[in-house]
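Protein chains in written order, with the working numbering: chain A, 26 to 310; chain B, 2 to 181.
Derived from the structure by calculation, the hints contain no laboratory data. All of these numbers come straight from a predicted model, not from anything done at the bench. Glycine is no exception: its CB is placed at the ideal position from the N, C-alpha and C atoms. Treat the hints with care, as some may be off.
[Unchecked claim] Distance ranges between label pairs, derived from CB positions:
| no. | chain 1 | residue 1 | chain 2 | residue 2 | range |
| --- | --- | --- | --- | --- | --- |
| 1 | B | Y14 | A | P30 | 21 to 27 Å |
| 2 | B | Y14 | A | A29 | 24 to 30 Å |
| 3 | A | R89 | B | G55 | 23 to 29 Å |
| 4 | A | L285 | B | G55 | 33 to 39 Å |
| 5 | A | V298 | B | G82 | 54 to 60 Å |
| 6 | A | G309 | B | G82 | 50 to 56 Å |
[Claimed, not checked] Heads up, incomplete: computed chain A residues facing chain B, CB under 8 Å, no partners named:
| no. | residue |
| --- | --- |
| 7 | G59 |
| 8 | P64 |
| 9 | V76 |
| 10 | R129 |
| 11 | Q130 |
| 12 | R134 |
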Amino acid sequence: MIPAPFEYARPTTVDEALQAIAAGGEDVKVLAGGQSLIPVMRLRLAAPETVVDLGRVAELRGVREDGDALVIGAMTTHSDVLADPLIQQHAPLIAQATETVADRQVRHRGTFGGALVHADPAGDLPAVALALDAEFVIAGPEGRRTVPARDFFVDYLTTAVGEGELLVEVRVPKLDGQWGMRYEKFNRVAQAWSIVAVAAAVRRENGHIAEARVGLTNMGPTPLRAGAVEAALSGAEATPEAIAAAAAHAAEGTEPSSDLNAQADYRQHLATVLTRRAVTAAAGL
Amino acid sequence: MTRISVRVDGASYQDDVEPRTLLVHYLREQLGKVGTVVGCDTSNCGACTVHLDGEAVKSCTVLAVQADGAEVTTIEGVSRGGELHPVQKAFHEMHGLQCGFCTPGMIMASIDLLQDNPDPSDDEVREGIEGNLCRCTGYQNIVRAVQLAAGEMRGAPASDGHVAPAVVDTAAAPHVVGQA
Ligand SMILES: Cc1cc2nc3c(=O)[nH]c(=O)nc-3n(C[C@H](O)[C@H](O)[C@H](O)COP(=O)(O)OP(=O)(O)OC[C@H]3O[C@@H](n4cnc5c(N)ncnc54)[C@H](O)[C@@H]3O)c2cc1C
Ligand code: FES
Ligand code: FES
Chain A
26 MIPAPFEYAR PTTVDEALQA IAAGGEDVKV LAGGQSLIPV MRLRLAAPET
76 VVDLGRVAEL RGVREDGDAL VIGAMTTHSD VLADPLIQQH APLIAQATET
126 VADRQVRHRG TFGGALVHAD PAGDLPAVAL ALDAEFVIAG PEGRRTVPAR
176 DFFVDYLTTA VGEGELLVEV RVPKLDGQWG MRYEKFNRVA QAWSIVAVAA
226 AVRRENGHIA EARVGLTNMG PTPLRAGAVE AALSGAEATP EAIAAAAAHA
276 AEGTEPSSDL NAQADYRQHL ATVLTRRAVT AAAGL
Chain B
2 MTRISVRVDG ASYQDDVEPR TLLVHYLREQ LGKVGTVVGC DTSNCGACTV
52 HLDGEAVKSC TVLAVQADGA EVTTIEGVSR GGELHPVQKA FHEMHGLQCG
102 FCTPGMIMAS IDLLQDNPDP SDDEVREGIE GNLCRCTGYQ NIVRAVQLAA
152 GEMRGAPASD GHVAPAVVDT AAAPHVVGQA
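Construct all of the structure, not just a fragment, from the sequences and the given hints.
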């Protein structure tokens with residue numbers, strides 16, 4: 026099928042884009058890479074009145090350093106993220122997760138910001154952004170605001186980006202030095218979407234785990250932090266036994282869905298296994 | 002209607018398109034480039050793969066207006082002066098197709114992979130074409146074809162030094178063996 030008719034706007038700056046959104050009528054959709062939006066428009070699950078294409082807004086693309094943070098433009102494609110030396114150096118967890126997203130064709134078009142605003146529970150980048158304590162810079166008619174990751178993911182396919190607004194960039198604190206990171210994902214071979222996945226970042230000190238951050242993909246309508254695992258790991262010995270004991274808490278408080286890929290109790294089992302693997306690898310064991 | 006200018010397989014076009022027109026439909030229906038096919042409704046199969054400014058994309062998941070000002074290469078534009086592209090030749094020689102429906106997309110994805118990785122391992126080929134589904138071949142000969150082409154494009158034999166189509170031993174397949 027082909028999408029229903031719509032008005033098309035192609036701004037070249039963020040200000041122009043905000044004006045086009047404001048002038049676009051009742052149902053306006055922002056088009057980033059189109060790798061989620063075009064399929065749902067084709068199936069007529071979405072039929073916006075106006076599509077505002079961000080493809081020519083150059084200021085939204087690219088990765089730069091700003092003090093202790095990396096700043097990733099919303100329109101930076103998955104393949105540009107993978108090729109970026111700053112990401113490799115300061116946020117390898119993002120590169121590891123992005124590598125598992127979809128396939129090379131989709132990664133050439135799909136964007137970092139699009140994947141985060143789309144906020145599919147099975148999408149790989151939301152849990153990574155949550156584990157890295159990223160901050161989201163959102164622009165709207167009243168100016169810009171910054172939202173921490175824990176407040177960004179509101180519900181199923183719903184983020185803090187409101188009507189009339191757009192995501193400009195994501196600030197990711199650099200985790201250098203003794204931090205190790207790992208993204209562990211479980212999916213079917215012919216479908217890249219995560220059944221469950223775990224993003225772990227671990228800081229080691231003198232044979233102990235000083236600090237751990239664990240994000241869970243597809244364990245509920247939004248990405249989650251495995252708070253009980255993080256608490257159990259803090260100050261724990263960096264041994265396989267201690268990590269396995271902490272990882273056993275991974276599913277605590279989660280209410281994952283049951284669907285054709287997995288039942289909820291199987292997802293909870295996967296969360297503990299993948300957490301153990303991700304934390305073990307991130308701790309360098 | 003929105004006016005777009007694109008270069009497709011080396012020729013320049015200016016056309017008015019509805020913004021909702023998918024790139025694949027523009028190529029097939031407005032330009033007659035029917036070598037690029039549509040195999041699914043979910044952006045999964047990769048049959049529609051073309052290169053947009055040198056990068057493989059699924060043309061069913063790109064609007065024609067997004068290709069304005071860009072260079073598009075389809076399967077119809079990869080041969081040179083009547084000479085098949087090395088990847089096309091290798092799919093033929095290694096019997097990398099049966100019904101052939103996935104082949105245009107497979108070849109465009111493979112060319113894109115080889116631009117990034119001129120000497121891919123077996124696993125790297127399989128990962129490189131993970132966005133392309135084949136319901137016929139079981140992929141074995143497709144992987145061999147990509148590795149044969151890789152060797153030829155590097156001007157060297159493929160890394161394991163010996164590439165041949167998979168041995169076929171079903172009763173129905175003597176013609177396959179003969180062709181190989
Ligand atoms: C076959 C296939 C397999 C896939 N597999 C995976 C996978 O394994 N893991 C995974 O994580 N993802 C996967 N994806 C999704 C892919 O990562 C998409 O790129 C991503 O979800 C959406 O990014 P996009 O740039 O294409 O956004 P679009 O499709 O353009 O937009 C998605 C939504 O976000 C909104 N939006 C986008 N950018 C902004 C912005 N800057 N401000 C405000 N709103 C915005 C749009 O309005 C729209 O509602 C897959 C997609 C396909 C087609
Ligand atoms: S037709 Fe484009 S991916 Fe199937
Ligand atoms: S040869 Fe028939 S689908 Fe691949």
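Hints, verified against the model:
1. Y14(B) - P30(A): 21 to 27 Å: holds, 22 Å
2. Y14(B) - A29(A): 24 to 30 Å: holds, 26 Å
3. R89(A) - G55(B): 23 to 29 Å: This hint holds: roughly 25 Å between Cβ atoms.
4. L285(A) - G55(B): 33 to 39 Å: Holds, at about 37 Å.
5. V298(A) - G82(B): 54 to 60 Å: Taking Cβ atoms as reference, V298(A) and G82(B) lie about 56 Å apart, which means the hint holds.
6. G309(A) - G82(B): 50 to 56 Å: Holds, since G309(A) and G82(B) (Cβ atoms, about 55 Å apart) stay within the stated range.
7. G59: Holds. Min distance 6 Å.
8. P64: holds, 5 Å
9. V76: holds, 7 Å
10. R129: This hint holds: R129(A) lies near chain B, its Cβ roughly 6 Å from the closest one there, short of 8 Å.
11. Q130: Interface hint status for Q130(A): holds (5 Å vs cutoff 8 Å).
12. R134: This interface hint holds because 6 Å falls under the 8 Å limit.
Hint check: no violations occur; every hint is consistent with the structure.
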